[in-house]
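Asker: Residue strings, one per chain:
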Amino acid sequence: MAFYEQHIHPKPTTFISKYIFSYDHKVIGKQFLWYGILGLGLGGIMALMIRWALAFPGEAFPLIGRFMFPETGGVIPPDTYAMLFTMHGTIMIFYAITPILIGAFGNFCIPLMIGCRDMAFPLMNMLSFWLAVLSAALLVGSLFTPLGAAAGGWTAYPTLSTLIGSPGVGQTLWAVAIFVLGISSTMGAINYITTVITLRAPGMGYFDMPLTIWGLWLTAILNAIFLPVLGAGGLLLVFDRVFGTQFFLAGAAATSGTGDPVLFQHVFWIFGHPEVYILILPAWGIVSDILSFFSRKPAFGAKATALSMTSITILSTLVYGHHMYTTQMSPLLTQTFMTLTMTISIPSAIFFANWLGTIWKGTIKFDTPMLFSLGVVFVFGLGGLTGLYLGTVTTDLYLHDTYFVVGHFHYTMAASVLFGSFAAIYFWMPKMFGKMLNETWGKIHFWLTMLGLNGVFFGMLFVGYAGMHRRLYDPFVYDFLQKLVPINTFITWSAILMGLSQIIFVVNFCYAVFWGKEETDPNPWKVGTLEWTIPSPAPHYNFAEIPVVKCGPHELGNPNLTTDRDFQYQTEELVEA
Amino acid sequence: MERTAILHSDSIEGKRLVSSIAMIVVLVSFSMLFASLFLGYSYFRITSPVWPPMGMEKVDLFFPTLSTFAIVLSSMTFMVFKAKYFGGGAVNKTMPWLVATIILGAGFMYTQFSLWADLKSRGFYASSGVFQSLVYSFTWIHAAHIVIALLTLLYLIPVTMNKECTISEENKVNNVGKFWHFLDVVWLLMYFIIFVI
Amino acid sequence: MNLVSSLFEGLIMAAGGHGKVHDGLTFWQRIQPPEDISEHGHLIEWLFNYTTILNIFFFALVCAGLFGFSFLYSAKRNPKPYYTYGNKKSHIMVATAIGLSVFLAIDMNITRMSNNDYTGVFINWPDEDKEDVYRVQVMAQQWAWHFRYPGKDGVFNTEDDVVYLNDLRVPAGKKVVIQMISKDVIHSLYLPNARRKVDAIPGRITRIWFKLNKPGKYDIACAEMCGTYHYRMQAKLTVYEEADMNAWMAEAQEKAIQENDSENLERYWGWTWQKTTRKEVSMN
Chain Z
1 MAFYEQHIHP KPTTFISKYI FSYDHKVIGK QFLWYGILGL GLGGIMALMI
51 RWALAFPGEA FPLIGRFMFP ETGGVIPPDT YAMLFTMHGT IMIFYAITPI
101 LIGAFGNFCI PLMIGCRDMA FPLMNMLSFW LAVLSAALLV GSLFTPLGAA
151 AGGWTAYPTL STLIGSPGVG QTLWAVAIFV LGISSTMGAI NYITTVITLR
201 APGMGYFDMP LTIWGLWLTA ILNAIFLPVL GAGGLLLVFD RVFGTQFFLA
251 GAAATSGTGD PVLFQHVFWI FGHPEVYILI LPAWGIVSDI LSFFSRKPAF
301 GAKATALSMT SITILSTLVY GHHMYTTQMS PLLTQTFMTL TMTISIPSAI
351 FFANWLGTIW KGTIKFDTPM LFSLGVVFVF GLGGLTGLYL GTVTTDLYLH
401 DTYFVVGHFH YTMAASVLFG SFAAIYFWMP KMFGKMLNET WGKIHFWLTM
451 LGLNGVFFGM LFVGYAGMHR RLYDPFVYDF LQKLVPINTF ITWSAILMGL
501 SQIIFVVNFC YAVFWGKEET DPNPWKVGTL EWTIPSPAPH YNFAEIPVVK
551 CGPHELGNPN LTTDRDFQYQ TEELVEA
Chain D
1 MERTAILHSD SIEGKRLVSS IAMIVVLVSF SMLFASLFLG YSYFRITSPV
51 WPPMGMEKVD LFFPTLSTFA IVLSSMTFMV FKAKYFGGGA VNKTMPWLVA
101 TIILGAGFMY TQFSLWADLK SRGFYASSGV FQSLVYSFTW IHAAHIVIAL
151 LTLLYLIPVT MNKECTISEE NKVNNVGKFW HFLDVVWLLM YFIIFVI
Chain W
1 MNLVSSLFEG LIMAAGGHGK VHDGLTFWQR IQPPEDISEH GHLIEWLFNY
51 TTILNIFFFA LVCAGLFGFS FLYSAKRNPK PYYTYGNKKS HIMVATAIGL
101 SVFLAIDMNI TRMSNNDYTG VFINWPDEDK EDVYRVQVMA QQWAWHFRYP
151 GKDGVFNTED DVVYLNDLRV PAGKKVVIQM ISKDVIHSLY LPNARRKVDA
201 IPGRITRIWF KLNKPGKYDI ACAEMCGTYH YRMQAKLTVY EEADMNAWMA
251 EAQEKAIQEN DSENLERYWG WTWQKTTRKE VSMN
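As given, the protein sequences belong to chains Z, D and W, one line each in that order.
Mapping the first sequence onto this note's numbering, position 191 (from 1) lands on 191, and the numbers just tick up by one.
Mapping the second sequence onto this note's numbering, position 98 (from 1) lands on 98, and the numbers just tick up by one.
Mapping the third sequence onto this note's numbering, position 101 (from 1) lands on 101, and the numbers just tick up by one.
If you are wondering where the hints come from, they were derived from the structure by calculation, not from laboratory data.
Quick caveat: nothing in here was measured; it's all calculated off a predicted structure.
C-beta: ideal position from N, C-alpha, C; glycine also.
Misleading hints may appear alongside valid ones.
Cut-off 30 Å, straight-line C-alpha distance, at most; resulting in silico cross-link-like pairs (DSS-like, lysine-lysine) [to be verified]:
1) Z:18 / Z:435
2) Z:550 / Z:365
3) Z:361 / Z:30
4) Z:550 / Z:361
5) W:88 / Z:526
6) Z:483 / W:217
7) Z:526 / Z:303
8) W:76 / Z:443
9) W:152 / W:76
10) W:80 / Z:365
11) W:76 / Z:517
12) Z:526 / W:76
13) W:152 / W:175
14) Z:483 / W:236
15) W:217 / W:255
16) D:172 / Z:18
17) Z:361 / W:80
Here are the computed distance ranges between Cβ atoms for each label pair [to be verified]:
18) Z:133 / D:114: 35 to 41 Å
19) Z:167 / W:157: 26 to 32 Å
20) W:68 / Z:310: 25 to 31 Å
21) W:108 / Z:79: 43 to 49 Å
22) Z:510 / W:101: 43 to 49 Å
This is chain Z alone, in the form it adopts within the complex:
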């Protein structure tokens, strides 16, 4: 099924061609992984600073506070607070989660799991990474501009994000950085889509692809279609700021009042809602696969899962209006968006049924990747169900822009996606670096993260329902929020626990990568997808011979097997009774 013969390219020899400007999808994947982990660290520290300000208003931030804010004696000032939550959102979404799941595992897994030697366009792949670096440099650089970084929230609603609300150059740099990142991700998406269509190993039909590839592929399609929409919005915002156009300017502070700030919200959410699924689809795919691998039985209803993912992809493009109920859209639009939003629950429920069906009557092994995957089922359950309150227009009138929303989207976008990423890192570590992560520390990492994470995000649901709205530097200036001080303190301690437990992961990861013992078994998890048929770490040409696929990716626990293995490689003829 591969469209053309793939040659074995000579191994790169110099340091630069091997590690810096590498064409090799595996090296680019690792580059994205480090990039994403750095982003997670940066965004995580910002999150802790936000939490600190909410729980202990007026107290100096420990350790680094005095160096960062000498003029206030270490207390986070309100304008910095606004920059912090803006940057936290932007970094976590575009510079942490996207590079880890889509950049790192998209690059690493797609060619290995579909059995080809590299991406269809290796040069474009490399450019995609270095454009992402450029974009990150622009964003981090904006922190050092005179008026500081963007401070209008990650959604950058005009007119706050125009010169009326943020005169500094930071907001312009933010928009440019997002635009450059959009180009980078679109290039990646073009590559992924083409690779999956054209370079699948001979014999591999679409439903023989592992569900991970389904998730990544659908994500790439959404990326290719909807990132340009954000690009257009970002461009017009830059024009408004730099060339004085009037798209989003209105009201008394504008020079002529004919633009409309709500247009940006439409454009942003046309992109923004699919973006949620861009982030979660790869995690769903990875989890669906890992649940099957560690239950030692085929994925339950794999075809239905793939089709549910596809239908969610399509539905996700039709529901963006539920982010805008409070802007008072016309009632007809409001009702339409509410109804469409609710239909997403059908494929989601089928997902859950299939996930639980996969572990039903399995032989479950609780290795770390499995723990994280089961964790995704738990937290995504919470995240999905809390979405119901927000898709419903009347409850949203109260809950919109409260911490309930924050809790909800952290459960779906942060918790689920983070757990999916960790599952993927623990699972593919031996194939990426040829080393295993320490299992004991991995499990400790999981349980501490699980504990901290639920403390943080469930706490947010509580304070949100109690009426605390978002993006407040000091919520306790309001009388009705003062009773929430203890809960906020509790959330912050949970966040600190969650933050500190990531140190376990970082140490575990760095130790394994640099000093860890080589894993000699090329297939430590005993699964049959194509990447496990080759030595670990994967050689630079991946497959000495392009494999021929003869069965599906989840052939585990077949009772008719006569070998001493309980699984079949995809290159083997399916054993039937």
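Guided by the hints, dock chains D and W onto chain Z, whose structure is given.
Answerer: Quick look at chains D and W alone, frame taken from chain Z:
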């Protein structure tokens, strides 16, 4: 399920397919960019009681029409170039058509600059209202793409000069052509939507 | 619930939490939304609780599957997995049944209820020709709320208008219609005690109506990020009994006539009142 293990013996056909699939994705991405712009345009147009708003006059059609002629002609010369090049024509038969395409493209840019200068001389600035913003931004974004496309057209000169047409050259000529025609179509849409109606 | 509260309080104490933890509230009391003073706020709360009950039921099912299967089918207990693709007729039926039951039992159910509340109450604008409504115009700006009441002439944007900063006073038991704009960036008028919010957007008029029943003083907040001092964009809501309201309004109107500086053009940020009919709003 039938599981055949046929590698395409004809690698050329495969490479052609890969290239065109990727190009379809590229063009879908670009279309979404321009579609968002047109969405913004229709949003303003629908919500505004009169158009152009606030008693503005429409843009004089002289320069936009000239641009339209230039870019449509350039698309045609490119098609001639492609046909001759793929037909194995000699350099002196093919190259003039490519050069003509580039000159017409440059002419398009020239008329765009004249349009902007003309508009400015009439006191029509990007900052004076949303209609002006729309006219300028759309032509700017489109012109930026034209500049990139012109660079790729220039790149085609060394590619097609004195070289046999293998699959690599064929893909390059095809993809640059698709991009050029795509920008042509986008301009035609802009011409009718923004300037004419 | 006592167990949860004491556990929670204990955690906070152990963590050396804030002094305010000693105000004697239980955890359950803390997570209650602010007091509902409006005629229709209970609709929102009721729907919230209803959804919560359904959610707890379905999440319990997920947890039962997740933890139950993890326990029953661990490698030790169940060394031989059941080899199935989940494509048997019964399997597909069960998965589809779960999908449809979630969709019909929760989604379409709450959509229907929410839609009824929405069309029946929240956008069922009072007919100003027939009903006596209390009208207010609001202009939001960084970082304050301006409230405008018509003066004695009953017309907005004239020189005898009553204009107050961060101070909204409305009568109890009467329908209040608010029209709002924003001067600079997008704000959102948030009345936690009425369970409502609506954005104030530059360049367009947005509307909200509600009926409050309980006199007293309450908070108004801005719910949409509007800049550095977003958290300070606070206003007070005073709900008066009918008689108190009339007395205050008469006094304020008198004062406005005497003290208003009619030369100051900045005072005239108001607009001609736009009678809200359903049709008009749906044009937005």
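Asker: All the hints need checking, so say for each whether the structure fits it.
Answerer: Results of checking the hints against the structure:
no.: 1; hint: Z:18 / Z:435; verdict: holds (20 Å)
no.: 2; hint: Z:550 / Z:365; verdict: holds (27 Å)
no.: 3; hint: Z:361 / Z:30; verdict: violated (36 Å)
no.: 4; hint: Z:550 / Z:361; verdict: holds (26 Å)
no.: 5; hint: W:88 / Z:526; verdict: holds (26 Å)
no.: 6; hint: Z:483 / W:217; verdict: holds (17 Å)
no.: 7; hint: Z:526 / Z:303; verdict: holds (23 Å)
no.: 8; hint: W:76 / Z:443; verdict: holds (19 Å)
no.: 9; hint: W:152 / W:76; verdict: violated (83 Å)
no.: 10; hint: W:80 / Z:365; verdict: holds (12 Å)
no.: 11; hint: W:76 / Z:517; verdict: holds (29 Å)
no.: 12; hint: Z:526 / W:76; verdict: holds (17 Å)
no.: 13; hint: W:152 / W:175; verdict: holds (20 Å)
no.: 14; hint: Z:483 / W:236; verdict: holds (19 Å)
no.: 15; hint: W:217 / W:255; verdict: holds (22 Å)
no.: 16; hint: D:172 / Z:18; verdict: holds (28 Å)
no.: 17; hint: Z:361 / W:80; verdict: holds (8 Å)
no.: 18; hint: Z:133 / D:114: 35 to 41 Å; verdict: holds (40 Å)
no.: 19; hint: Z:167 / W:157: 26 to 32 Å; verdict: holds (31 Å)
no.: 20; hint: W:68 / Z:310: 25 to 31 Å; verdict: holds (30 Å)
no.: 21; hint: W:108 / Z:79: 43 to 49 Å; verdict: holds (46 Å)
no.: 22; hint: Z:510 / W:101: 43 to 49 Å; verdict: holds (47 Å)
When held up to the earlier numbered hints, the structure conflicts with 3 and 9 and fits the remainder.
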